[in-house]
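In this text, residue positions in the sequence shown follow our numbering: the first is 70, and each later residue adds one.
No wet-lab data here; the hints were simulated from the structure. There could be a bad hint or two in this list.
Here are the simulated BS3-like pairs of lysine-lysine, each with C-alpha atoms no more than 25 Å apart in a straight line [said to hold, decoys possible]:
| hint | residue 1 | residue 2 |
| --- | --- | --- |
| 1 | K653 | K677 |
| 2 | K454 | K969 |
| 3 | K535 | K653 |
| 4 | K969 | K455 |
Each pair of labels, with its calculated beta carbon distance range [stated by the list, open to error]:
| hint | residue 1 | residue 2 | range |
| --- | --- | --- | --- |
| 5 | S371 | R327 | 20 to 28 Å |
| 6 | S355 | S1009 | 54 to 62 Å |
| 7 | S682 | Q932 | 44 to 52 Å |
| 8 | R327 | P573 | 49 to 57 Å |
| 9 | L472 | R327 | 41 to 49 Å |
| 10 | L472 | D374 | 15 to 23 Å |
C-beta atoms are modelled at their ideal positions from N, C-alpha and C, and glycine is treated no differently.
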Amino acid sequence: MSTINLYLFGPPRLERAGEPVRLVRRKAKALLAYLLLNPQLHSREALAAFFWPEHDHQQARADLSRILSVLSKQLGKAWLKADRDTVGITPEFPFRVDVLQFQHLLARCERHPHSPEQVCEACLPNLAAAVALYQADFLAGFTLADGAAFDDWQMFQTERLRQALAGALERLGRGYGRQAQWETALNYAKRWASSEPLHEAAHRQLMTLYALSHQRAAALAQYALCRQLLATELMTTPDTATQALFERIQAGALDPERELGPAPGSMGAIEVRAGPVHNLPHPTTSFVGRQTELDMIFDRLSQPDCRLVNIVGPGGMGKTRLALQAARLLAQQTRPAFGDGVFMASLATVPTIEQMPLALAGAVGLPLSGAKTAFDQLVRYLQSKKLLLLLDNFEHLVEGATLLADLLQAVSEIKVLVTSRIRLNLYEEWLIDLAGLDAPDPAIPLAQALNYNAVQLFLQRARQTKPNFSLTATNGAAVGRICQTLEGMPLAIELAAAWVRSHPCQDIAHQIQHNLDFLSTSLRNIPERQRSLRAAFEHSWQLLDPPEQTAFARLSVFRGGFTAEAAWVVAHVSAQTLVSLAAKSLLQQNRGSRYDVHELLRQFGAEKLAGDSTCAAAHADYFAGVLQQQELTFINGDAAAHDRVAVEMDNIRTAWQWAATNPDGGVLDRLLGTLAAWCEVQGWFQEGRTWLTEAIAAVEPASTEDEVLLLGRLEEALARFHDHLGQYEAAQTHAERSLDCFRHAEAPAGIAGAQAVLGFALSALGDNLTAQTMLQDSLQLFEQLDHQRGQAEVFYYLSFIATGLGDTVQGLVCVEKSLALYQALGDERNTARGLFLLGNYQIGAGQFAQALAYYERSKALHQQLGHRVGVADCLKNEAHAAFFLGQLDQSEQSGQAALKLFTEFGDPNGIAGSLENLGRVAAGRGDYLLAQRYLEQSLSGFQRMGNSLRVALGHAYLGHVLVELGQLEAARAHFRAGLELALGAKAV
70 MSTINLYLFG
80 PPRLERAGEP
90 VRLVRRKAKA
100 LLAYLLLNPQ
110 LHSREALAAF
120 FWPEHDHQQA
130 RADLSRILSV
140 LSKQLGKAWL
150 KADRDTVGIT
160 PEFPFRVDVL
170 QFQHLLARCE
180 RHPHSPEQVC
190 EACLPNLAAA
200 VALYQADFLA
210 GFTLADGAAF
220 DDWQMFQTER
230 LRQALAGALE
240 RLGRGYGRQA
250 QWETALNYAK
260 RWASSEPLHE
270 AAHRQLMTLY
280 ALSHQRAAAL
290 AQYALCRQLL
300 ATELMTTPDT
310 ATQALFERIQ
320 AGALDPEREL
330 GPAPGSMGAI
340 EVRAGPVHNL
350 PHPTTSFVGR
360 QTELDMIFDR
370 LSQPDCRLVN
380 IVGPGGMGKT
390 RLALQAARLL
400 AQQTRPAFGD
410 GVFMASLATV
420 PTIEQMPLAL
430 AGAVGLPLSG
440 AKTAFDQLVR
450 YLQSKKLLLL
460 LDNFEHLVEG
470 ATLLADLLQA
480 VSEIKVLVTS
490 RIRLNLYEEW
500 LIDLAGLDAP
510 DPAIPLAQAL
520 NYNAVQLFLQ
530 RARQTKPNFS
540 LTATNGAAVG
550 RICQTLEGMP
560 LAIELAAAWV
570 RSHPCQDIAH
580 QIQHNLDFLS
590 TSLRNIPERQ
600 RSLRAAFEHS
610 WQLLDPPEQT
620 AFARLSVFRG
630 GFTAEAAWVV
640 AHVSAQTLVS
650 LAAKSLLQQN
660 RGSRYDVHEL
670 LRQFGAEKLA
680 GDSTCAAAHA
690 DYFAGVLQQQ
700 ELTFINGDAA
710 AHDRVAVEMD
720 NIRTAWQWAA
730 TNPDGGVLDR
740 LLGTLAAWCE
750 VQGWFQEGRT
760 WLTEAIAAVE
770 PASTEDEVLL
780 LGRLEEALAR
790 FHDHLGQYEA
800 AQTHAERSLD
810 CFRHAEAPAG
820 IAGAQAVLGF
830 ALSALGDNLT
840 AQTMLQDSLQ
850 LFEQLDHQRG
860 QAEVFYYLSF
870 IATGLGDTVQ
880 GLVCVEKSLA
890 LYQALGDERN
900 TARGLFLLGN
910 YQIGAGQFAQ
920 ALAYYERSKA
930 LHQQLGHRVG
940 VADCLKNEAH
950 AAFFLGQLDQ
960 SEQSGQAALK
970 LFTEFGDPNG
980 IAGSLENLGR
990 VAAGRGDYLL
1000 AQRYLEQSLS
1010 GFQRMGNSLR
1020 VALGHAYLGH
1030 VLVELGQLEA
1040 ARAHFRAGLE
1050 LALGAKAV
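Generate the whole structure from the sequences, applying the supplied hints.
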């Protein structure tokens, strides 16, 4: 099959074997480009709404099918991976795309064994090849007449690629300059300065290269050109860095190492900037003003006694944008103050302070698991980190702000930058009160008005909707009045500027001014200075037609964004209306087909919707359906299903909260399966326990049969979470309650499931015989029902009990049956667990090499699924097998790796098991004192969990070590205690 080349730098064109492939329809070119640059599967609903927003749902889907057919006629059917619901590119199809090649070459440099901001001799050819591909801007000259969403996406891609080009050109100029290849370096620097004529760093690089290549006059002329451009275009002067370079050139005092970076090291690396990692969103608009505030933030964060800076101001004042700009600049420092990174957590959708650690863990990339709280795991993870946390939208959590103080006291090296409408009233807090941008008096001359940041912001945002907009004698006073009326509040200015396309500035100013007094009593708890933002919101509302008002109010039920499909199903809002609302700055479209509403605007819409509960019910019903659709694939460990659930988790949480207070609609029952599985995969055991406890309180007392069945499912899920947390007595209690419910409802599948959970809890408490009987009863029921997943789970539990009772042959039979059933079901997550257990049985049979092979297979599958807890389990038992093979170094290495992971998770069982392995390794080396310390810590951990069998084994291992140390009485006491426990558990 011949390769198809798609060129996207410049007007799009296709070639096959050097011959052009003609696509007449512009939508076909646009769709192909979009799919290739976004290679994941897309829903047909989302693509239809994205490319045909003006059409109704059915017509848009038909249009999409026609365009896909056109493409298939030209490219062949093999290019497309599609079914009736989804569409995507076939990964194996031989496309070659210049944009993807460009990104691949740059990524190759980033993967080189040095900082991504460095460049070495090996990087230079890749960078040069990348910039050679960039013949013109992305899709230059190409637009869709009716594709506002595509145009926005195209604009974002264009800007992103421009920035990547600029970064590559900058590194090429520095790299070849360091090698004294002046002509080559100057060519790249000239191209950079030509592409970004107002970027002073580009001019500085040209000045430097000219001066170092003995072209002093050209260097000084470049400075003059820079100064002229800044004066003409921005009415400003060169910054201090440019001025200082000019003075060094005049004085002939240039140092090549200072100007171009240090001499290359062993790999020829030239340091440009060594910024830390971050998760900061890429800015989609320019940043205007706020230099004084930025300097204040930098100054305070640089002081050793300042750990917490709070940017305080009313909603819409630009707190988030300022904090992001400060964080981004800190992340880009040459010598970063926060060497382990700068991370942002948006708290707008975090309902309570107790859930804030979850958001912080997600921001810094910490997976949660085990019995310890999210806060404890976060503290442990941050102990050795030197980083900055940006906590955005804190105002609704201030009552629990002491948790933040606790975090700062527990972790010494982190600092926190907060945005909030309310001060935190903490001793550690350093306040920065944020006022509006400076706004002019409407009467001042036009030229002077341009110097005010509020006016500059208005102009930039107005030109996004009306490119030829400019400040004139006709509208200048009105713009000044708008900025002054809104007190320089950035969000309000942006909302006002969005209307210049359809309304004169004088009309906008009149409407805003007219609404101020009317809004003075809209909210009792709103400060006086915030009423100008309310005026902007109300003005935006009045400019909507009634259907748009209804649509926007209904959309307020969503949290964390939504798709066009969800908007239609839940709120009956069409794709065309979404585009209209986005054009009026009330929605933001991002991540392809998802829409977001600013949290303050969402709250405003929610007030308009007050009293209408139908949307909340429809929202809960829709996301219950989403989870139902994903339940089987998610539980089986499908990564795509995991991602689909993850992106909607804020909406799912909201749906659960509504359903917990309205349990009659059946929504709780539909949400439960996947949400419980999500909590297990993510390690959200304590959070899941809280949600289930609240739901149970809402359902009780159960009166109807459906309520009894729901209560049984909730109690069973709660028992599982208690089991994960090592709270086995509570697990037994809730499993028994679940069993009572299902028996009352005469629900055999429910009875069998509750018996399985109860049996495992009893086993953990040491009552193996009763547990075995309970599980055999469960298995019999599942077999009668031909319930394969239930049978697989029971066999899995029975394998543990058989081993605990000394019947390893029966245990192996059980695990093999469990594994076969899970494999038949396509359940990769539990297949990995089954392989792990087979490794355990190989150890029991003395086949340690075979055990290692099973652990490797299990570990690989867990790694593929992203299940780090499973990886840790495999490492722990690899250490065990390696010990018996006499591979003590390998055993210690695997054991330490497992201990590190389990400690990060806060998993007490894993920690105790890893310590036990390390103790046995130390004993094998004859280091009995170290072995004693490890084994005492391990035994203490198992005792806290009440795991009788593991405690008995721990006594035995420690007894043997004490014999070697000559502590015979202590050894005898441990042997006796272990024997008594083993007899009590009937494990001997």
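Problem set entry | In rising order, the numbers of the hints this structure does not comply with | none
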